[in-house]
Structure formats: structure tokens, C-alpha cells
Amino acid sequence: AQSVTQLDSHVSVSEGTPVLLRCNYSSSYSPSLFWYVQHPNKGLQLLLKYTSAATLVKGINGFEAEFKKSETSFHLTKPSAHMSDAAEYFCVVKAGNTGKLIFGQGTTLQVKP
Amino acid sequence: DAGVIQSPRHEVTEMGQEVTLRCKPISGHDYLFWYRQTMMRGLELLIYFNNNVPIDDSGMPEDRFSAKMPNASFSTLKIQPSEPRDSAVYFCASSPGTAGMGNQPQHFGDGTRLSIL
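Just so you know, the protein sequences line up as chains U and S, in that order. Residue numbers for the first sequence follow the numbering used here, beginning at 32 and rising by one. Residue numbers for the second sequence follow the numbering used here, beginning at 911 and rising by one.
To be clear, the hints were calculated from the coordinates, so they are not data collected in a lab. Please note: incorrect hints may appear among the correct ones.
Derived pair list, reagent style PhoX-like, types lysine-lysine, alpha-carbon separation capped at 25 Å [unchecked claim]:
(1) S:Lys978 to U:Lys80
(2) U:Lys80 to U:Lys131
(3) U:Lys73 to U:Lys143
(4) U:Lys100 to U:Lys80
(5) S:Lys934 to U:Lys73
(6) S:Lys978 to U:Lys131
Construct the entire structure; sequences and hints are all you get.
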């Protein structure tokens, strides 16, 4: 069975410094992995997706994530945080060939001026 | 392009009343999902449809919850009777894809914030 674990429930960074949001996954075969962002009172927006074409995935707003099979990780990074990046971030794995997405518990990113 | 459209954005009602949440998926999307989000339980998949047919409703919490998709452009989630513990944000999402889903991401609406007093 697939699952994801987001290792930090809350991350705080200063504006202009790098962002690292950590995610480990569990899957019995090559997974489809996603990062979504949720701003207050909004729905979830897709940041990026991994589908085995390339291990380094670039997404919107300067975010990227690297798939590391040996570490079963899919961490989200950004070189320089902006105030507008403050939001909830979800690491997500697709459950096989079904329609289901399995969500991590979310990481709240706080960006300080 | 219009995204997934949900209505109402906010709903406040008294316990025991019927609540109907509405969703218009993105045109051409074959899959439609209903989620519930709470602080305690995070995001939970309630039910999803493929080509208007319910595929998996194992996440529907009780018989008080029902969902329909009468056509490709409309779905409802109904709670009858409603209870205070149903208070949550309910999201609808849609996704393109053929059988097996492929790797298509889901597109989410902005949600309905439901409060049952």
C-alpha cells in the first residue's frame, strides 16, 4: 500500500532564504508523486508532479522536487522564499491505477520578513 | 479557462437540516472527486466518479451522506440530516484521464466551508 509522510508539520524561514519541505513515501512500485499548495481559504493547487520521466522535477513559482528512490524521498525545495509562499503544502502519492490520491498531513510554511 | 466551480462557498445551517453542496467540474474531465478537510483528520476522499458513475464510495462516512452525478458537468454532495461533526471544508476536484487514470493531476475547487450549528 502507498503512503506519504511529511516530516515537518511546520517550517519557518526568512524571506530570501532557501525552503526545504521533506516528504518520504512508501510504495510497492514506481509511484506517481505530487506536491500541492493550499493558500488560506482556497483549494489545492498543483505545484509539480513526478511521473518517472526525470528525477528532478520543476514546478511553478520556482519550486522543484527531486525523486530519490534509494531514500524513498521527494523533498520540495525553493532557492529563495517569498512572502507569498506562506501556505500549507501537501505531498501526495497516487494509489496505483485507481483514482485515489493519498495525502500527507501537510506542512505549514511560514515566511518571515 | 474556468476551473472547478463549487457552490456555495460558505454554508451555515442548523443541525438536522439538509445540506446540498454543488460542483461543476472542468469541461472534458472524466473523473470527479469529493473530499472533506478538517483539522483533526486532514484531507479525506469521500467518493469519486468516472464518467458519471460512482467508482468508490468507501470514504463516505455514513448513510447520511450521498452523492450524485447526473451528468458530466454537475455533481452534488448531500448530507441529510446534518450534524455538528459534519462541519468541515468540502472540496470537489476533477481530473482528465482514461481508464487507469494515468498520471493526470487533480484540479481542485475553492471548497465549501460548512458549519453545522
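Cross-check of the supplied hints:
Taking the CA atoms of Lys978 (chain S) and Lys80 (chain U), the gap is near 30 Å; set against the 25 Å cutoff, the hint is violated. Restraint check: the Cα-Cα separation between Lys80 (chain U) and Lys131 (chain U) comes to about 15 Å, which is no more than 25 Å; the hinted pair holds. A distance of roughly 21 Å separates the Cα atoms of Lys73 (chain U) and Lys143 (chain U); the hinted pair therefore holds under the 25 Å criterion. With a CA separation close to 15 Å, the supplied pair Lys100 (chain U) and Lys80 (chain U) stays within the 25 Å bound.
For the suggested pair Lys934 (chain S) and Lys73 (chain U), the alpha carbons sit about 16 Å apart, so the restraint of at most 25 Å is met. Distance restraint check for Lys978 (chain S) and Lys131 (chain U): the Cα-Cα separation of roughly 18 Å lies within the 25 Å cut-off, and the hinted pair is therefore satisfied.
In this structure, only the earlier hint numbered 1 is contradicted, and the remaining ones agree with it.
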